[in-house]
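*Asks:* Next come the chains, spelled out residue by residue.
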Amino acid sequence: MRTSSMRLIMLLKIVPFIIFIGLISSGCKSSKGITELTKIPTGINNSGGGNKGNTGGGNLNPLGPGNIGGNGGNTGGTDIGGNPAEPLSIPENYREQRNVFASVHFDYDSAELRPGDMDLINQVAQHLMQNPAHMLLVEGHCDERGTEEYNLSLGERRALSVAEELVKMGVTVSRLGTQSFGEKVPLSDSSSKESLAKNRRGEFVLFMPMDGVVEIPQE
Amino acid sequence: MNRFRIFCLSVFTVVFVFKSADVIAAEGDGGNRLVVPAEVQNKLIPVALVGFSGETSSVLNFDLEVMGCKIVPEADAVFVIEGKIEDALIGKLSNKTGNVEFHRKYPGGTARDQAHALSNDVVKAITGKPGIAHTQILFKMRTGERAEEIFLSDYDGHQPKALTSDKTLVGSPKWSPNGAEIFYTSWLKRGGLENTTVVRQNLTTGSRDVMARYRGLNTGGALSPQGFLAMILSKGGSPDVYVAPPSWEFMKDLKGQNLNRMCKTREEESGVSWSPDGQWLCFATRARGKRMLVKIAAQGGNMIRIPTNGVLNPSEPSWSHDGRWIAFTSQMGGFNICVVPAQGGEAKVIASGEGPTWASNSRNLIFTRRGVNKRRLAIVDVPTKRVKMLPAFAGSASQPAWGK
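Those protein sequences? They're chains A and B, same order as listed.
Numbering-wise, the first sequence is residues 0 to 218 according to numbering that gives the first Met the number 0.
Numbering-wise, the second sequence is residues 0 to 403 according to numbering that gives the first Met the number 0.
By construction, these hints were calculated from the structure, which means they are not laboratory data.
We put the beta carbon where it would ideally sit given N, CA and C, even for glycine.
Keep in mind that the hints are not guaranteed to be accurate.
List of simulated lysine to aspartate or glutamate pairs, EDC-like, C-alpha gap at most 20 Å [said to hold, decoys possible]:
#1 B:Lys289 to A:Asp106
#2 B:Lys384 to B:Glu345
#3 B:Lys289 to A:Glu111
#4 B:Lys373 to A:Glu143
#5 B:Lys123 to B:Glu345
#6 B:Lys387 to B:Glu85
#7 B:Lys373 to A:Asp106
#8 B:Lys263 to A:Glu193
#9 B:Lys289 to A:Asp188
#10 B:Lys91 to B:Glu64
Just some of the chain A residues that point at chain B, by a computed CB distance under 8 Å [said to hold, decoys possible]:
#11 Pro86
#12 Ala101
#13 Ala124
#14 His126
#15 Glu164
#16 Lys167
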């Protein structure tokens, strides 16, 4: 047992403070020391973070907060063995950057990395090591030539192959997340060979603190 | 509840008696079954509809064709279903020589409900097995750009109702064995991430619970009759099958220490399905480069291969309610719905399509067929291989799950 339930409860209590402190410090850096100009969210673990707004609600009772404690960026370990259990947690003042890096691609029905993509993965690893506040989500995608259930698992396997390589190159596993979208988000709907090849991909989604968000006082 | 009683009966049938027809005849309405002539057994049974019109007629047509009949002129029919609507639907079933099996009135419900009830009675009388015309299905439908919802409808696709309104990606809806809850996978955005989440939703109250939201993949959500929840999670570094004990709560086990990891492979396991007695868990995996179906005992153990001779690349298994069959999708160029004995063996190709799940009669399968612009649901009658397409929905529909 690596963690007793006591320790887990402790962790859950402590982590929000760590995030809070982390946010203040990153806020300091990014807004050149003027902390009050940076909006520091109080409800870090509330739903609907990120820059796309809350998609919850509707005709159902809202789910409990899905983001349950723990923050990948602050556990700080060098646990290369496995995935941290909790989802990667993106602080609210972070923005999502989708097109910083090109995508890696895969052969049909395969999660093996292509030798030609190693330079790109290395570039991503270098970026993460030089920017310790940044976090990365690797998205795994498939073409439509597989059943939906199978493709969902294959997409995850692809994302994990990329993440494993990043860890081998020295990135701390706790800053990495993987997520499969199966065949749900194709870049092209056509069934041409080229389109299918384009859709079999791993996308890098970078999360970084927003620079200098300024609160404008209400008149 | 009637449905629940039927469910219990069918489970008992599975566990204790394999001659289900005898059991149902003994339990059935009077036992005075009509005899299906030998020349049409396991073929489409020719029946005639006399006196029906409009919606009643179209419902009866669809129901009876799904459940192994074909509609023919009276002169060619083995059985005649005669009826009319007075203040309610009245139906009479007789055989060629004019012997009346039943003559009933169906008050209450809508015109569709009444017609479904008559279809069920006809099928029960002819085949000795309960009809499935009153059942419901779950499926997912695309409703917008990067938006899908879980839907519930009658088995024939009528009266669709959205069970979610998250405007997010979603998939893999499944029923709990008692039909009171459903499980599905949602890409709900929380904390800035669309992390897959296994959600449980109560059909009566609409209340929802997060059953798993670990890092990476969280999907599968299949509940056994004993209350064990099987899921595909990648928290251990690769998609693997995990089983949560009854009453397990994710929010109290955020590291997943009380989950039973059923396998530990680098391969991408997918598509979990319990045997109806809850003793076995079937799923798709790969060994030495070859994709295959395997099963594992509910308490854990070795993966046992379920051979699917004659076809390749099986996935999406669905174990029949009578325990005898496993339906799955094979992929060889296109997708085919296949059926294999539950212990494995020669696989039979039933229809083109993917993602099959069994009806409670262990005879019909509902599945997905890809069209030019959208995916549609279809039903096949396994012994006769006849396919009936469901009416097209507004959006692309797939991953149907057949309820009891």
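*Asks:* Look at each hint and say if it fits the structure.
*Replies:* We went through each hint and held it up to the structure:
1. B:Lys289 to A:Asp106: holds, 16 Å
2. B:Lys384 to B:Glu345: Between B:Lys384 and B:Glu345 the Cα gap is close to 17 Å, so the pair holds against 20 Å.
3. B:Lys289 to A:Glu111: Answer holds: B:Lys289 to A:Glu111 is near 15 Å, not above 20 Å.
4. B:Lys373 to A:Glu143: OK: B:Lys373 and A:Glu143 at ~13 Å, within 20 Å.
5. B:Lys123 to B:Glu345: Outside the cut-off at roughly 30 Å; violated.
6. B:Lys387 to B:Glu85: Violated, because 30 Å separates the two Cα atoms, which is more than 20 Å.
7. B:Lys373 to A:Asp106: At roughly 26 Å apart (the allowed maximum being 20 Å), A:Asp106 and B:Lys373 break the hint.
8. B:Lys263 to A:Glu193: Violated: B:Lys263 and A:Glu193 sit about 34 Å apart, past 20 Å.
9. B:Lys289 to A:Asp188: Since the Cα atoms of B:Lys289 and A:Asp188 sit roughly 28 Å apart, the hinted pair is violated (cutoff 20 Å).
10. B:Lys91 to B:Glu64: This hinted pair holds, its Cα atoms lying about 18 Å apart.
11. Pro86: holds, 4 Å
12. Ala101: Since chain B brings no Cβ nearer than about 21 Å to A:Ala101, farther than 8 Å, the hint is violated.
13. Ala124: violated, 18 Å
14. His126: violated, 19 Å
15. Glu164: violated, 13 Å
16. Lys167: Since the shortest Cβ distance to chain B is 13 Å, the answer is violated.
The earlier numbered hints that this structure contradicts are 5, 6, 7, 8, 9, 12, 13, 14, 15, 16.
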